[in-house]
Amino acid sequence: MWDGIIIGGGLAGLIAGIRASERGKHVLIISEGAGSLTYSSGALNFGDVVQLRSRENHPYALIEENVIQAGMDYFQKLFPDYQGVCGRTQTLFTPLGSPRTANIIPSGQNAAVLQDAKRIVLMAPEGMKDFFSKIIKTNLKICYPQCIVDIYPFRISAFEAWHAIGKPVTGMEYARYWQSGPGIAELKRVLAGVTITCSETVVLFPGLATAFSEPLKEVLSETPFPVIEMTSFPPSAGGHNLYNALKQKFKSLGGELLMGTGVQRIELQEKECRKAIVSSKGRPTAFAAHSFILATGGILGGGIEVTAEAAQETLLGLPLYVPAEWTKSEFLGEQPYAHTGIEADSDLRPVDPGTKEVLFENLRVAGRMLAHWDPWTDNCGGGVSLTSGWYAGEKL
Amino acid sequence: MKESKVVIIGGGATGVGILRDLSMRGISALLLEQGDLAHGTSSRFHGLLHSGARYAVKDPGSAAECIDENLILKQIAPHCISDTGGWFVQTRDDSPEYVEQWTKACANAHIPISEISPSEACRKEPLMSKDVLRVFEVPDATVDGFKIVWANAKSAKRYGGQFKTYHQAKRLIMENNRVVGVSTKNLLTGEEFMVSCDIVVNASGAWASHVTGSIGIPLDVICDKGTLLAFNQRLFQRVINRLRPSGDGDIFVPHETITILGTTSEFVDSPEENDPQEEEVNKLLEIGRHVLPGIMKNRVIRAFSGIRPLHREDHDVPGVNKEEGRNVSRSFALIDHELQDGIQGLISIVGGKFTTYRLMAEKVSDRVAEKLGSMTPCRTATEDLLPVIPEHLHKKAAQLLPYAPVEKMLERLQEDAESVLTEIQRDPRKGQMLCECEMVSAAEVEKAASDEDTHHLADIRRKTRLGMGTCQGAFCTYRALPLLWDKKEKYDALQDELRNFLNQRWKGIRPVLWGQQLRETELTRAIYASILQVREN
Ligand SMILES: Cc1cc2nc3c(=O)[nH]c(=O)nc-3n(C[C@H](O)[C@H](O)[C@H](O)COP(=O)(O)OP(=O)(O)OC[C@H]3O[C@@H](n4cnc5c(N)ncnc54)[C@H](O)[C@@H]3O)c2cc1C
Ligand SMILES: Cc1cc2nc3c(=O)[nH]c(=O)nc-3n(C[C@H](O)[C@H](O)[C@H](O)COP(=O)(O)OP(=O)(O)OC[C@H]3O[C@@H](n4cnc5c(N)ncnc54)[C@H](O)[C@@H]3O)c2cc1C
Numbered sequence: 001m002w003d004g005i006i007i008g009g010g011l012a013g014l015i016a017g018i019r020a021s022e023r024g025k026h027v028l029i030i031s032e033g034a035g036s037l038t039y040s041s042g043a044l045n046f047g048d049v050v051q052l053r054s055r056e057n058h059p060y061a062l063i064e065e066n067v068i069q070a071g072m073d074y075f076q077k078l079f080p081d082y083q084g085v086c087g088r089t090q091t092l093f094t095p096l097g098s099p100r101t102a103n104i105i106p107s108g109q110n111a112a113v114l115q116d117a118k119r120i121v122l123m124a125p126e127g128m129k130d131f132f133s134k135i136i137k138t139n140l141k142i143c144y145p146q147c148i149v150d151i152y153p154f155r156i157s158a159f160e161a162w163h164a165i166g167k168p169v170t171g172m173e174y175a176r177y178w179q180s181g182p183g184i185a186e187l188k189r190v191l192a193g194v195t196i197t198c199s200e201t202v203v204l205f206p207g208l209a210t211a212f213s214e215p216l217k218e219v220l221s222e223t224p225f226p227v228i229e230m231t232s233f234p235p236s237a238g239g240h241n242l243y244n245a246l247k248q249k250f251k252s253l254g255g256e257l258l259m260g261t262g263v264q265r266i267e268l269q270e271k272e273c274r275k276a277i278v279s280s281k282g283r284p285t286a287f288a289a290h291s292f293i294l295a296t297g298g299i300l301g302g303g304i305e306v307t308a309e310a311a312q313e314t315l316l317g318l319p320l321y322v323p324a325e326w327t328k329s330e331f332l333g334e335q336p337y338a339h340t341g342i343e344a345d346s347d348l349r350p351v352d353p354g355t356k357e358v359l360f361e362n363l364r365v366a367g368r369m370l371a372h373w374d375p376w377t378d379n380c381g382g383g384v385s386l387t388s389g390w391y392a393g394e395k396l
Numbered sequence: 001m002k003e004s005k006v007v008i009i010g011g012g013a014t015g016v017g018i019l020r021d022l023s024m025r026g027i028s029a030l031l032l033e034q035g036d037l038a039h040g041t042s043s044r045f046h047g048l049l050h051s052g053a054r055y056a057v058k059d060p061g062s063a064a065e066c067i068d069e070n071l072i073l074k075q076i077a078p079h080c081i082s083d084t085g086g087w088f089v090q091t092r093d094d095s096p097e098y099v100e101q102w103t104k105a106c107a108n109a110h111i112p113i114s115e116i117s118p119s120e121a122c123r124k125e126p127l128m129s130k131d132v133l134r135v136f137e138v139p140d141a142t143v144d145g146f147k148i149v150w151a152n153a154k155s156a157k158r159y160g161g162q163f164k165t166y167h168q169a170k171r172l173i174m175e176n177n178r179v180v181g182v183s184t185k186n187l188l189t190g191e192e193f194m195v196s197c198d199i200v201v202n203a204s205g206a207w208a209s210h211v212t213g214s215i216g217i218p219l220d221v222i223c224d225k226g227t228l229l230a231f232n233q234r235l236f237q238r239v240i241n242r243l244r245p246s247g248d249g250d251i252f253v254p255h256e257t258i259t260i261l262g263t264t265s266e267f268v269d270s271p272e273e274n275d276p277q278e279e280e281v282n283k284l285l286e287i288g289r290h291v292l293p294g295i296m297k298n299r300v301i302r303a304f305s306g307i308r309p310l311h312r313e314d315h316d317v318p319g320v321n322k323e324e325g326r327n328v329s330r331s332f333a334l335i336d337h338e339l340q341d342g343i344q345g346l347i348s349i350v351g352g353k354f355t356t357y358r359l360m361a362e363k364v365s366d367r368v369a370e371k372l373g374s375m376t377p378c379r380t381a382t383e384d385l386l387p388v389i390p391e392h393l394h395k396k397a398a399q400l401l402p403y404a405p406v407e408k409m410l411e412r413l414q415e416d417a418e419s420v421l422t423e424i425q426r427d428p429r430k431g432q433m434l435c436e437c438e439m440v441s442a443a444e445v446e447k448a449a450s451d452e453d454t455h456h457l458a459d460i461r462r463k464t465r466l467g468m469g470t471c472q473g474a475f476c477t478y479r480a481l482p483l484l485w486d487k488k489e490k491y492d493a494l495q496d497e498l499r500n501f502l503n504q505r506w507k508g509i510r511p512v513l514w515g516q517q518l519r520e521t522e523l524t525r526a527i528y529a530s531i532l533q534v535r536e537n
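First to last, the sequence lines map onto chains W and R.
So in the working numbering, spot 220 of the first sequence is number 220, and the numbers just go up one at a time.
So in the working numbering, spot 370 of the second sequence is number 370, and the numbers just go up one at a time.
Honestly, the hints are just simulated from the structure, not real lab data.
Given the structure is predicted, the values throughout are model-derived calculations rather than measurements.
One or more hints might be untrue.
Claimed, not checked - Computed list of lysine-lysine pairs in PhoX-like fashion (alpha-carbon distance at most 25 Å, straight line):
no., chain 1, residue 1, chain 2, residue 2
1, W, K141, R, K283
2, R, K488, W, K328
3, W, K188, W, K25
4, W, K328, R, K130
5, R, K487, W, K137
6, W, K137, R, K488
As the list claims (entries may be wrong) - Interface residues of chain R toward chain W, partial, derived using beta-carbon atoms under 7 Å:
no., residue
7, G431
8, M433
9, W485
10, K487
11, K490
12, N503
13, W514
14, R519
15, E520
16, L532
For every residue, glycine included, the Cβ atom is placed at its ideal position computed from N, Cα and C.
Required output: the full structure, derived from the provided sequences and hints.
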């Protein structure tokens with residue numbers, strides 16, 4: 001018998017698992033896939049917390065403001081390689097070299113030093129997929145008019161065979177190489193080749209993710225100029241690294257992770273969840289627990305399935321909030337469908353959208369499964385998953 | 001400016017067909033198109049090369065035209081046509097009397113049909129309903145609208161014909177009851193100028209009455225909107241029609257790796273009213289279920305609507321009632337405004353079908369030739385549309401690219417393949433597939449992006465099929481950015497190009513937003529809104 005079973009090992013599920021394990025709970029995470037963190041850049045946005053809390057149903061409004069702060073602090077204590085302050089944003093770069101902001105970012109991505117720079121050197125690894133140096137250079141010139149921008153093309157022997165046949169090297173592959181023993185030496189060599197023509201030189205590096213790697217951070221601390229990592233087009237090393245770090249943390253605290261199989265159904269008894277049923281090699285296996293957390297990632301994660309006729313929560317058939325109007329005309333503007341999800345009480349337990357009655361006493365809902373928010377227009381994708389996950393783990 | 005004897009308004013199948021025909025006869029012609037080629041109905045249809053069987057009962061004239069043209073196009077444009085064959089299937093809901101009537105009518109129109117047993121049919125098309133009563137094979141085929149339109153334009157160009165895209169005919173210019181030119185606006189630069197000519201051909205499809213309206217001549221064109229669904233898979237190997245009087249949602253047309261289902265019919269007030277609606281989608285799914293019982297399990301990747309320009313020649317055609325689009329004849333009308341309205345130098349061509357575009361072009365060109373005193377006869381029924389692709393190009397392509405994309409590329413590019421292949425040879429990286437769903441190489445997209453008649457990301461999409469596959473452009477659109485960038489004087493700012501492109505695709509996705517398509521949409525929104533920080537204005 002487990003203290004808690006968490007269904008879904010994305011950002012929300014893993015944070016919940018880490019917090020609960022740390023509190024001494026015996027926790028199992030069952031996850032079908034890796035979740036959306038692996039597509040993301042690893043930066044986390046919280047959005048305008050005060051304004052979002054004033055929206056009646058927003059997930060932030062379910063929990064106290066200090067819980068949001070606590071979740072954020074907790075994350076940074078877990079991962080000192082990440083930095084951020086609630087209510088303040090940091091600047092980092094999109095893969096196209098335009099600045100963007102987020103609340104918590106890997107320190108290596110922080111672009112603040114550019115404010116005082118006079119020269120930017122854009123590293124241009126040979127044959128790197130989805131990396132467009134000319135576009136980046138122009139965007140940099142627009143945003144940092146005081147700077148000279150130089151492109152610094154380089155190639156390394158490890159990928160020569162790829163270049164010869166025209167095979168592109170993804171940012172992930174470059175990032176993985178830099179983390180290897182030979183990669184570290186090579187990185188030193190490459191950076192040593194950058195000449196400093198003025199003292200306020202800053203180097204911008206795509207396909208490099210130093211968070212969680214001591215040797216890489218050391219290499220960068222020894223360069224005579226600051227090096228800023230760029231985020232990349234998915235899949236990205238930044239998101240992968242964070243995902244791996246979360247998994248490792250969870251395991252190091254004694255948590256158990258069952259990956260690659262989905263929970264097929266939950267055995268119920270009155271208003272309680274009893275067992276999660278997983279099918280392994282064609283045979284159903286049951287895992288029993290005192291409480292459960294549902295962090296199955298909404299539409300993208302697979303926790304919500306939509307057909308031409310209806311939207312359904314896939315595991316328990318929990319009632320969903322489904323907006324009357326489904327879409328609006330501007331693709332990247334507000335989209336009502338994104339608000340589809342489970343309504344919850346202040347303890348994150350699922351409630352009936354009509355009667356607001358709590359449906360299961362020992363089940364909590366976290367992350368993208370919650371109703372009434374849109375990560376892209378509210379700008380709080382990571383924030384909601386992180387804080388609701390943390391709170392669910394705290395309460396488990 | 002005096003550029004040519006004839007100005008053609010409209011770059012759909014009909015317009016480019018006329019441009020080619022006239023150019024082959026040595027008559028100088030300039031075509032004006034307000035969007036990109038095939039911007040109108042010619043890219044918003046089933047892509048069915050009719051055998052005529054569908055019209056055999058109701059409109060025998062049309063049926064006969066279709067079967068003739070069907071055979072001609074299979075001869076002259078095999079690379080644009082896939083000779084899949086087609087079936088007419090009678091379900092339990094379809095009347096047996098109609099079946100009898102239909103088989104007779106096909107015989108009268110010389111459309112060869114042959115019956116096959118339902119059990120054999122179910123074996124050949126396992127996804128089809130097992131409840132079909134009778135199945136007849138007909139020589140239907142499928143046609144790639146973009147390809148054939150471009151093939152006509154390129155062929156015309158080889159004969160000296162000219163076309164200008166993103167050029168809108170604003171007004172016809174008249175002198176003493178004679179049309180002498182067209183006041184034209186370049187929509188990209190805003191520049192307005194006058195093109196003079198001896199004859200204007202109005203081939204603007206559903207817009208035809210707008211064109212003649214500019215000089216106060218009424219033209220009775222009804223806008224009949226039809227909505228279609230594109231499924232993510234090739235569900236059938238051949239065209240499947242319901243054997244009943246034409247109705248909504250009863251034709252499935254397979255193209256490469258997708259299938260199109262259509263169509264609905266509803267009169268609308270303007271050709272611009274072409275947003276597919278959810279109700280139309282639901283109606284199609286409901287009706288399509290009779291032939292494809294598992295319809296709900298299949299992913300719909302987009303919905304789109306086209307406008308049939310129906311010409312109501314005959315004022316006592318019954319039913320101006322909004323539901324009766326299908327009862328207006330689909331045969332075309334050639335209107336010589338000299339005879340009809342006493343205005344010289346203006347011919348309108350309205351109605352018809354994609355299948356009969358060549359015939360329509362021939363009739364118009366005959367009339368134009370007669371007026372200009374040209375004796376050269378029409379050759380479009382016999383001369384191949386595609387130039388022969390030299391053997392050395394096939395060989396070169398096969399060496400440089402993976403097997404699957406090679407022939408497709410050669411057919412799309414024709415003589416331009418040479419330069420693309422040379423570029424790949426020079427820089428093998430450009431042989432990488434930029435669009436992995438539709439197998440389009442970086443070099444080909446680069447070529448399309450730099451073509452002088454390409455002005456937007458959407459034009460590249462139409463030419464290369466970039467972004468038409470299952471990822472719906474989430475990945476390949478991003479990958480096309482540096483190619484736009486290299487030609488940035490031609491394009492809007494990247495943010496604007498991206499936003500416009502995404503919003504155009506969104507129009508077709510909105511009414512079919514469920515299942516895997518919805519998941520894909522969530523990812524696309526995440527990538528563009530979050531990773532790339534593209535914002536609505
Ligand atoms: C491309 C992209 C870019 C992003 N960029 C940013 C950004 O810049 N800033 C920001 O703040 N946020 C960003 N996000 C958003 C943020 O990453 C997500 O909001 C967050 O990761 C969602 O976490 P989650 O745990 O709620 O869901 P998910 O990560 O989707 O996790 C759900 C998990 O549940 C599993 N699952 C589903 N059903 C079952 C089942 N039946 N049994 C077992 N497991 C199951 C899934 O496999 C998945 O692993 C981005 C997201 C994407 C996709
Ligand atoms: C839903 C649907 C399904 C169909 N399915 C089939 C089928 O399967 N098989 C078949 O054979 N037929 C089919 N048809 C019919 C066929 O698509 C049309 O008959 C054919 O495409 C019409 O071609 P067009 O060149 O006459 O018109 P269009 O393709 O509409 O071309 C007219 C062009 O004129 C341009 N234009 C308009 N005004 C101006 C101006 N002022 N200046 C410059 N340019 C202008 C427009 O932008 C447009 O590109 C279908 C039609 C619909 C609506």
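Checked hints:
1. About 53 Å separates the Cα atoms of K141(W) and K283(R), which puts this hinted pair outside 25 Å; it is violated.
2. Between the alpha carbons of K488(R) and K328(W) the distance comes to roughly 30 Å, so the proposed pair goes past 25 Å and is violated.
3. About 44 Å separates the Cα atoms of K188(W) and K25(W), which puts this hinted pair outside 25 Å; it is violated.
4. At most 25 Å may separate the alpha-carbon atoms for a hinted pair to count; K328(W) and K130(R) exceed this at roughly 40 Å.
5. Between K487(R) and K137(W) the CA atoms are separated by roughly 16 Å; this keeps the pair inside 25 Å, and the hint holds.
6. Only pairs whose Cα atoms come within 25 Å are accepted, and K137(W) paired with K488(R) is accepted, the gap being roughly 14 Å.
7. Because the smallest distance between the Cβ of G431(R) and any Cβ of chain W comes to about 6 Å, under 7 Å, the interface hint for this residue holds.
8. For M433(R), the interface hint is violated, the least distance from its beta-carbon to any beta-carbon of chain W being 11 Å, above 7 Å.
9. Checking W485(R) against chain W: minimum C-beta separation of about 5 Å stays under 7 Å; hint holds.
10. Interface hint status for K487(R): violated, as the beta-carbon distance to the closest one in chain W is roughly 12 Å, over 7 Å.
11. At its closest, the beta carbon of K490(R) sits 15 Å from a beta carbon of chain W; the interface hint therefore is violated under the 7 Å criterion.
12. The criterion of a C-beta within 7 Å of any C-beta in chain W is met by N503(R), whose closest approach is roughly 5 Å, and the hint holds.
13. Taking 7 Å as the C-beta cut-off, the interface hint given for W514(R) holds, the closest approach to chain W being about 4 Å.
14. Given the 7 Å rule on beta carbons, the hint for R519(R) holds: about 6 Å separates it from the nearest Cβ of chain W.
15. Using the Cβ-Cβ criterion of 7 Å, the hint placing E520(R) at the interface with chain W is not satisfied: the shortest such distance is roughly 9 Å.
16. The closest approach between the C-beta of L532(R) and any C-beta of chain W is roughly 6 Å, which is under the 7 Å cut-off, so the hint is satisfied.
Hint compliance for this structure: hints 1, 2, 3, 4, 8, 10, 11, 15 are not met, and every other hint is.
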